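Trainee: These protein sequences, in sequence, are chains W, D and C.
Heads up: the first sequence begins at 5 in my numbering, then just goes up one per residue.
Heads up: the second sequence begins at 38 in my numbering, then just goes up one per residue.
Heads up: the third sequence begins at 4 in my numbering, then just goes up one per residue.
Think of the hints as simulated: they come from the structure by calculation, not from any bench.
Bear in mind the structure is a predicted one, so any value in this text is a computation, not a measurement.
Some clues are possibly wrong.
As a list, the in silico PhoX-like pairs of lysine-lysine whose alpha-carbon atoms are at most 20 Å apart [as the list claims (entries may be wrong)]: (1) D/280 x D/322; (2) W/16 x D/241; (3) W/234 x W/145; (4) D/192 x D/266; (5) W/16 x D/238; (6) W/13 x D/238; (7) W/6 x C/5; (8) W/47 x D/238; (9) D/241 x D/280.
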Amino acid sequence: MKKIYTRPKSLKTTSFHYCPGCGHSVVHRLVAEVIDELNLQNKTIGIPPPGCSVFAYNYFDVDMAESAHGRGAAVATGIKRAFPEAIVFTYQGDGDLAGIGTAETIHAANRGENITTIFVNNAVYGMTGGQMAPTTLSGQKTTTTPYGRDVALEGYPIKMSEILALLEGAVYIERVAVNSPANIRKAKKAIRKAFQVQIDHLGFSMVEILSPCPTNWKMSPLESWQWIDKEMTKEFPLGVVKDRTGRADAD
Amino acid sequence: MNGNSAIGEAAIRAGCQCYFGYPITPQNELIEYMAAHLSRRKGCCFIQAESEISAINMVYGASLVGARAMTSSSSPGISLKQEGISYLAACELPAVIVNMSRGGPGLGSIVAAQSDYFQATRGGGHGDYRTIVLAPSSVQELADLTHKAFDLADKYKIPVILLGDGVLGQMMEPVEFKHEAPAELPVRGDALRGANGRPSKIVKTFTSNPAELEEINWSLFRRYSLIKKQETACETFLAEDAKLIVVAFGIAARIAKGAIKTVRSTGLKVGLLRPITLWPFPVEKVQELTRKVKHYLVFEMNMGQMIEDVQLALEGQGEVSFYGRPGGVIPTPSEVALVISRLYHQKGLK
Amino acid sequence: MKGFIEISRELCKGCELCVFFCPKGVLSLSDKLNASGYLPAALNDNGECTGCAVCALVCPEVAIEVYRG
Chain W
5 MKKIYTRPKS
15 LKTTSFHYCP
25 GCGHSVVHRL
35 VAEVIDELNL
45 QNKTIGIPPP
55 GCSVFAYNYF
65 DVDMAESAHG
75 RGAAVATGIK
85 RAFPEAIVFT
95 YQGDGDLAGI
105 GTAETIHAAN
115 RGENITTIFV
125 NNAVYGMTGG
135 QMAPTTLSGQ
145 KTTTTPYGRD
155 VALEGYPIKM
165 SEILALLEGA
175 VYIERVAVNS
185 PANIRKAKKA
195 IRKAFQVQID
205 HLGFSMVEIL
215 SPCPTNWKMS
225 PLESWQWIDK
235 EMTKEFPLGV
245 VKDRTGRADA
255 D
Chain D
38 MNGNSAIGEA
48 AIRAGCQCYF
58 GYPITPQNEL
68 IEYMAAHLSR
78 RKGCCFIQAE
88 SEISAINMVY
98 GASLVGARAM
108 TSSSSPGISL
118 KQEGISYLAA
128 CELPAVIVNM
138 SRGGPGLGSI
148 VAAQSDYFQA
158 TRGGGHGDYR
168 TIVLAPSSVQ
178 ELADLTHKAF
188 DLADKYKIPV
198 ILLGDGVLGQ
208 MMEPVEFKHE
218 APAELPVRGD
228 ALRGANGRPS
238 KIVKTFTSNP
248 AELEEINWSL
258 FRRYSLIKKQ
268 ETACETFLAE
278 DAKLIVVAFG
288 IAARIAKGAI
298 KTVRSTGLKV
308 GLLRPITLWP
318 FPVEKVQELT
328 RKVKHYLVFE
338 MNMGQMIEDV
348 QLALEGQGEV
358 SFYGRPGGVI
368 PTPSEVALVI
378 SRLYHQKGLK
Chain C
4 MKGFIEISRE
14 LCKGCELCVF
24 FCPKGVLSLS
34 DKLNASGYLP
44 AALNDNGECT
54 GCAVCALVCP
64 EVAIEVYRG
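Just need the whole structure built from these sequences, with the hints factored in.
Mentor: Structural data, given as structure tokens:
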């Protein structure tokens, strides 16, 4: 028998500190597989956020640098402008990208910065214990919306993919999920396409990934993976939000 | 040329590859100069960022990959940059940050003041760190110290603040540029350029191990000790036989020089100590002066900031008086001369 | 197609997603705790694994290597 699946080279053999069933673990693996397949390991620079995935640099075997909260898009801009040969990706959570980092994200996309953004949306602030995120659903209970998010007081869940799609400089934006085999396959295709956009110098690309957070949603891993289909995709529909690349999937 | 433009020209000649800024009075000539002169240079990058916060984070990114990078702003914008500066210091990344200070606090005024001294010299952002702070007092010095800022930043892997002010930025004086722009843009040796033929590198400051963070802090401060020994700079003027020494930096020192010339002509023995590095502060020079001089007048355009460093350096070996004008009101040399002579006679100095 | 998988007992966190998604139902949680205190998933020895790799696709911990032939 032939070995047909093993750990990607760009993923170190460290065990993840993430919770059982956490989406970060799956997304890290998919990004690493794409880096391997596109042969980018020796020129990739990754920028993780503060948050549960602050330790992403312990897992990706590529050059990585910390960013201040929300500023990943600006840091990536500085990197790519100073050293265009690098393949730069930001890895950001929903607070990082849709809360504190909205200005940096919108303007990097607006300038068409040739960077790839991996946006992990789990509708909650995970690392700090489960507070409301900009993408928390209406009625969703979190530690700062103990009675359920009240849109009249707390606003509506923000759809960053649709917002960024309005900008000329944003070339490819897709929303995917990592909660089932079929969705994980689609997510990987989207991530690969987003990196290809950078390789082809086409502009700004982002993949928004609906990701389970069993711990802060107070569910089992399986329940959390199912909740994404049951509830999250109603608010955040999956699919291509914008594609100006003029080509089909990277596959 | 004007001060702001001189900074820009000097930066380009120092091999500055990236400038990221945001308009704010009174340094707009600088961002405009970089837009005109840096943006089209081969390999260089100019971005008018969406905010001062973005700009400092772009500088962080460019510095990560080895580029000489600079940003500039004025007081409120420098407040915005503090987190970014803390990160630069923590990650031991060189950068040049220009503050053409204006009146504060709050939106304040658009005219020169010196009330960002604490912000510049005490770290400014969160955590224990320092940045080198250079205080020019002429357009020539703006140019010279800009070039020096890039060299010091790279040498010690530390952010360097060029602390100017609105008057210096707007002044028109002749400048001589002592360097030509390098033929090749410099790329710092240990930069993050992709794990090509070497293990992947991580640049970070966060640790869940307090002992590790403690060691990082000790290591930073060992470097700061070295900088104190090697890079402290100051200038004295007519201090050899002085009975009273005025201590002033930046534009205040220019004004003080004029005032001192006036009172000297009436026989008062007054001199000037002008710190050029505000951090590290010229403690040794002060202590050397106190062997002969016991009276000091700190003159600054704020409510009293550098005076604390003077008092610390004196260690009780001299008397310190203070003349401060906050809010951007710029005193004339004759006003300051009056203050000096009044003090001189009050103290019974001959 | 016959298949075989190897699950790293110590990397597995017992999330049970592979158990749920396996189209052949050949996975279940073992009854022996690993060093981290989880009950890791294990392959039943009924020989029905086809090496489809869905388990490896969903496994968050990259704990599964898949063989097929």
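Trainee: Checked against the structure, which of the hints given earlier come out wrong?
Mentor: Failing hint: just 9.
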